[in-house]
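Protein sequences, first through last, are from chains A and B. Just so we're aligned: the first sequence equals residues 9 to 121 in the working numbering. Just so we're aligned: the second sequence equals residues 9 to 121 in the working numbering.
I should point out that these hints are in silico values taken from the structure, not numbers from a laboratory. One thing to keep in mind: the hints can contain errors.
Same chains, same label: a pair holds when it works inside one copy or across any pair of copies.
Below 27 Å or equal to it, Euclidean Cα-Cα: the simulated DSS-like pairs (lysine-lysine) are [to be verified]: (1) Lys15 to Lys65; (2) Lys63 to Lys19; (3) Lys63 to Lys15.
There are 2 protein chains.
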Amino acid sequence: MVAGGFKPGCKLWLEKDGRIYGDGLFHLLHLVREKGSISAAAGELGMSYRAAWGKIKQAERNWGLRLVETRVGGECGGGAALTREALDLLHRYEQYRQEAVRAVWQVFQQLFD
Amino acid sequence: MVAGGFKPGCKLWLEKDGRIYGDGLFHLLHLVREKGSISAAAGELGMSYRAAWGKIKQAERNWGLRLVETRVGGECGGGAALTREALDLLHRYEQYRQEAVRAVWQVFQQLFD
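Construct the entire structure; sequences and hints are all you get.
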């Protein structure tokens with residue numbers, strides 16, 4: 009076996025209409041879900057609120073659906089929550105990512121271990 | 009279903025000792041195998057002979073094995089061939105790539121179709 013010491017690497021994303029959506033966007037949505045706030049999520053990622061908001065709004069425009077709703081009191085007073093559609097999509101993406109990485113490892117192990 | 013119109017994307021590679029080896033190197037080896045010549049393989053990729061040779065030599069150093077042997081007459085007169093170890097590794101990588109992409113698609117389809 010000459011192939012010792014290798015590990016598999018893989019980067020995953022989704023494409024739609026020629027645009028790419030990957031861990032950046034979905035991690036941001038994940039953090040909005042966890043923290044109930046776009047600004048807290050942005051801070052966790054070292055992004056500005058403006059950049060995080062822009063990223064979410066762009067995906068909303070591209071996909072033609074709402075992803076985030078701000079609660080009474082606005083972002084500062086009330087926070088933000090993912091819509092049901094965003095929760096559904098995020099859940100699928102997280103499953104896709106986890107299972108796809110596992111599948112790639114399995115293929116690798118069959119061929120290289 | 010809000011998740012219509014998406015397609016999965018993935019980029020694959022192998023890692024060893026913190027270095028990354030992907031389609032660039034393995035496509036080059038594939039072309040050396042097909043064409044029996046490093047310069048013809050380099051030309052097909054729009055690379056210089058020097059760059060292609062350097063890429064192969066670096067992998068040989070990092071992995072501690074010979075990948076390419078030049079035949080009698082040297083590169084110009086006799087051409088180049090992959091060693092048995094390189095053929096084995098290339099074969100595994102090509103299978104890994106093909107089967108891993110298929111596995112990612114299958115996971116995607118289960119979650120998004």
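> Among all the numbered hints in the text so far, which are the ones the structure does not match?
Replying inline: none
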